[in-house]
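Asks: These protein sequence lines map, in sequence, to chains F and S.
Per the working numbering, residue 1 is the first one in the first sequence, and the count goes up by one each step.
Per the working numbering, residue 1001 is the first one in the second sequence, and the count goes up by one each step.
A couple of the hints might just be wrong.
Said to hold, decoys possible - Result set (DMTMM-like, lysine to aspartate or glutamate): computed pairs, CA atoms no more than 25 Å apart in a straight line:
#1 Lys182(F) - Asp1243(S)
#2 Lys83(F) - Asp1359(S)
#3 Lys1097(S) - Asp1053(S)
#4 Lys91(F) - Glu1267(S)
#5 Lys1372(S) - Glu66(F)
#6 Lys83(F) - Asp1408(S)
#7 Lys1201(S) - Glu71(F)
#8 Lys83(F) - Asp1309(S)
#9 Lys1280(S) - Asp1266(S)
#10 Lys171(F) - Glu1422(S)
#11 Lys1201(S) - Glu67(F)
#12 Lys63(F) - Asp89(F)
#13 Lys1139(S) - Asp1081(S)
#14 Lys108(F) - Glu1265(S)
#15 Lys1201(S) - Asp161(F)
#16 Lys108(F) - Asp1266(S)
#17 Lys1171(S) - Glu1422(S)
#18 Lys1201(S) - Glu181(F)
#19 Lys1201(S) - Asp82(F)
#20 Lys83(F) - Asp1266(S)
#21 Lys108(F) - Asp1243(S)
#22 Lys83(F) - Glu1267(S)
#23 Lys1130(S) - Asp1087(S)
Said to hold, decoys possible - A few chain F positions that, by computed beta-carbon distances, are all more than 10 Å from chain S:
#24 Lys130
#25 Lys133
#26 Arg136
Don't read these hints as lab results, they were simulated from the structure.
Glycine included, every Cβ here is placed at the ideal spot set by N, Cα and C.
If you want the building blocks of each chain, they are given just below.
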Amino acid sequence: MKKLIVLSVSFLLVFSFFASCRKKVEETPPPPPQVKEQPKVEKVEKPPAKEPELSEEEIFEQKTLEEINAEQPMEMIYFDFDKYFIREDAKSILRNNAQWLKKWDSIKILIEGHCDERGTEEYNLALGEKRAKSTRDYLISLGISPDRMSIISYGKSQPLDPGHNEIAWQKNRRAEFTIIEK
Amino acid sequence: MKKTIPVSAVFLALFLITNTLIPQQEVVMRIREGMPIIPVAIPEFLTQNNSPDQASAASTLREVIISDLEYSRVFKPLPEDYYQYIDPLNLEDINFKKWESIEAKLLLSGQVSENRDGSLIFEAKTYDVKSARFIKGKKYQSDPSLLRLVGHKISNEFMKIYGEPPIFTTKIVFVSNRNGNDELYMMDYDGYNQTRLTFNKTRDYMPAWSTDGKTIAYTAYNNQNAALYLFNPFEGTRTLVTDHGTSFGADFSFDGKKMAFCSTEDESNSEIYISDTNGKNIRRLTFNNAIDTAPSWSPNNREIAFTSDRLGSPQIYIMDAEGANIRRRSFGGNYHDAPAWAPTGDRIIYVSRVAAVFDLYVLNLRTDRIIKLTEGYSRNESPSWSPDGRHIVFSSNRTGTIHIYTIDYDGTNLRRLTSRGENKLPNWSRK
Chain F
1 MKKLIVLSVS FLLVFSFFAS CRKKVEETPP PPPQVKEQPK VEKVEKPPAK
51 EPELSEEEIF EQKTLEEINA EQPMEMIYFD FDKYFIREDA KSILRNNAQW
101 LKKWDSIKIL IEGHCDERGT EEYNLALGEK RAKSTRDYLI SLGISPDRMS
151 IISYGKSQPL DPGHNEIAWQ KNRRAEFTII EK
Chain S
1001 MKKTIPVSAV FLALFLITNT LIPQQEVVMR IREGMPIIPV AIPEFLTQNN
1051 SPDQASAAST LREVIISDLE YSRVFKPLPE DYYQYIDPLN LEDINFKKWE
1101 SIEAKLLLSG QVSENRDGSL IFEAKTYDVK SARFIKGKKY QSDPSLLRLV
1151 GHKISNEFMK IYGEPPIFTT KIVFVSNRNG NDELYMMDYD GYNQTRLTFN
1201 KTRDYMPAWS TDGKTIAYTA YNNQNAALYL FNPFEGTRTL VTDHGTSFGA
1251 DFSFDGKKMA FCSTEDESNS EIYISDTNGK NIRRLTFNNA IDTAPSWSPN
1301 NREIAFTSDR LGSPQIYIMD AEGANIRRRS FGGNYHDAPA WAPTGDRIIY
1351 VSRVAAVFDL YVLNLRTDRI IKLTEGYSRN ESPSWSPDGR HIVFSSNRTG
1401 TIHIYTIDYD GTNLRRLTSR GENKLPNWSR K
């Protein structure tokens, strides 16, 4: 308590010293700007409706085929030049795809086989079909029913990348998955 | 526009005449080697009066005929400046000696006159100069909008005089994306009158003319399949052949009785099938796990050339039309496809891939000699023969965009026929 008194007295002394040094003329501060009182607007809102907890199944049920396909739930796989066997990197993708197909077991898919521009039209159409077929066969080996999968070949008529280099060609040698029924 | 045609061109034409009276088909071969190109005088066409309509019709008609006959590799229109050395043609009194003096072997005269209803009448007459003899004449009545067709018909008659198959009214069907989507189009052999045939939202693919030139077999992509259809563009009718699997690559036999095509309907693997030309009685010809594709009939209707990768890489094979007796016909490369049997029977054209370049090669089946037809660091593919076996239509991306070209059997006379969009998969009608 003593300390406090000493502190406040010394503070007062210092302050009064500075105050005495200031001009004696007191300046009236400008009046504070008049603030018009705004009527408070009360927002009338619907009481926050409780979002019904949709199950994953129900969300899935509500989506259209286009919406599901836009999400590309099944990743496409790529092939080697002139080849149609399933590459090692494609196998893990197909395992994921098979899992997804097992989870959504009402889904039916179309497997599209595509080729790059370095094959002839005629042979490519047959090769694209082979790529789609080996993709389907691999999914069958993972336990997916063949009834759920149909296949089609587009040959080289639908490139994903219009370029003329190895990067584009690799992108175009692919099997894509489209959901056609759920 | 002058095209140089080597006067000493060597022709090897083989004609197959099938005698329908004898059950066992007899093949008659007429071989002509070193056939000279026949010079034809085609002086300015005459008009009834000098009305601008008639004059312009006469000059267009003459241009069409000259262009046709220059393309023929059989006839050679005289150079324009030769005509200044002799008097103009007087049909009442033809001085054949004068025409012979400017090296004409044949003389083709044309006259344009007007009908009472305003339509034009065209008359063409052919004379043999040496024997000073009238050979043949024909009159055509037509609307001026069909002038080019009249010209092609006159040129056809000219070809028939020499027993040559008339090719100038044939059509080329092809796929183009010039209006956004891959649709079927057709055009005259010379690229004129490009007409759109299909109007779908989906992709149309690999058209092939039927033997009579009335129907087109093609593949239409629907949402989930690529079905083979028979389409009559003149009547707008369409019938389904098969919509199981992916079906494509039709080719009609020369006798107009059968159609060969590819389908994956049985084992999701492209195999070759044949059917009647109405698409009925489908029968499978090839049975294996390899790709079999691109069938092409032999002109005697007994054999089919096709592509197969049964030995690891795509190669050209020939089999009997029943599917037996399969033998390999391409060697020395690791990628051969799209065989097309020449209507003359003696040659097969195909595509060979070396690195990423496709070129057209012609295999002579009798001598086993191979001629490389195209050269260029591009993809030349989908060859199809003209009915006389002297020209080939194909697609090439040599300009950076895929367009349709024709080239002669010996690699000369390259012509580009299309200019808008991408244009591919041409097929030359047989009639």
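Asks: Against this structure, judge whether each hint is valid.
Replies: Evaluated hints:
1. Lys182(F) - Asp1243(S): Satisfied, since the Cα-Cα distance of roughly 23 Å is no more than 25 Å.
2. Lys83(F) - Asp1359(S): OK: Lys83(F) and Asp1359(S) at ~22 Å, within 25 Å.
3. Lys1097(S) - Asp1053(S): violated (33 Å)
4. Lys91(F) - Glu1267(S): Cα-Cα ~23 Å, so holds.
5. Lys1372(S) - Glu66(F): Outside the cut-off at roughly 49 Å; violated.
6. Lys83(F) - Asp1408(S): Roughly 35 Å between the alpha carbons, so the hint for Lys83(F) and Asp1408(S) is violated.
7. Lys1201(S) - Glu71(F): holds (24 Å)
8. Lys83(F) - Asp1309(S): holds (11 Å)
9. Lys1280(S) - Asp1266(S): With Cα atoms ~17 Å apart, Lys1280(S) and Asp1266(S) stay inside 25 Å; holds.
10. Lys171(F) - Glu1422(S): Judged against 25 Å, a Cα distance of about 21 Å means the pair holds.
11. Lys1201(S) - Glu67(F): holds (21 Å)
12. Lys63(F) - Asp89(F): Answer violated: Lys63(F) to Asp89(F) is near 30 Å, above 25 Å.
13. Lys1139(S) - Asp1081(S): Violated. Lys1139(S) to Asp1081(S) sits at ~28 Å, over the 25 Å cutoff.
14. Lys108(F) - Glu1265(S): Within the cut-off at roughly 19 Å; holds.
15. Lys1201(S) - Asp161(F): Judged against 25 Å, a Cα distance of about 21 Å means the pair holds.
16. Lys108(F) - Asp1266(S): Between Lys108(F) and Asp1266(S) the Cα gap is close to 20 Å, so the pair holds against 25 Å.
17. Lys1171(S) - Glu1422(S): holds (19 Å)
18. Lys1201(S) - Glu181(F): holds (21 Å)
19. Lys1201(S) - Asp82(F): violated (30 Å)
20. Lys83(F) - Asp1266(S): Measuring from Cα to Cα gives roughly 21 Å; hence the hint holds.
21. Lys108(F) - Asp1243(S): holds (19 Å)
22. Lys83(F) - Glu1267(S): holds (18 Å)
23. Lys1130(S) - Asp1087(S): holds (18 Å)
24. Lys130: violated (6 Å)
25. Lys133: Label violated. Min Cβ-Cβ 4 Å, cutoff 10 Å.
26. Arg136: violated (7 Å)
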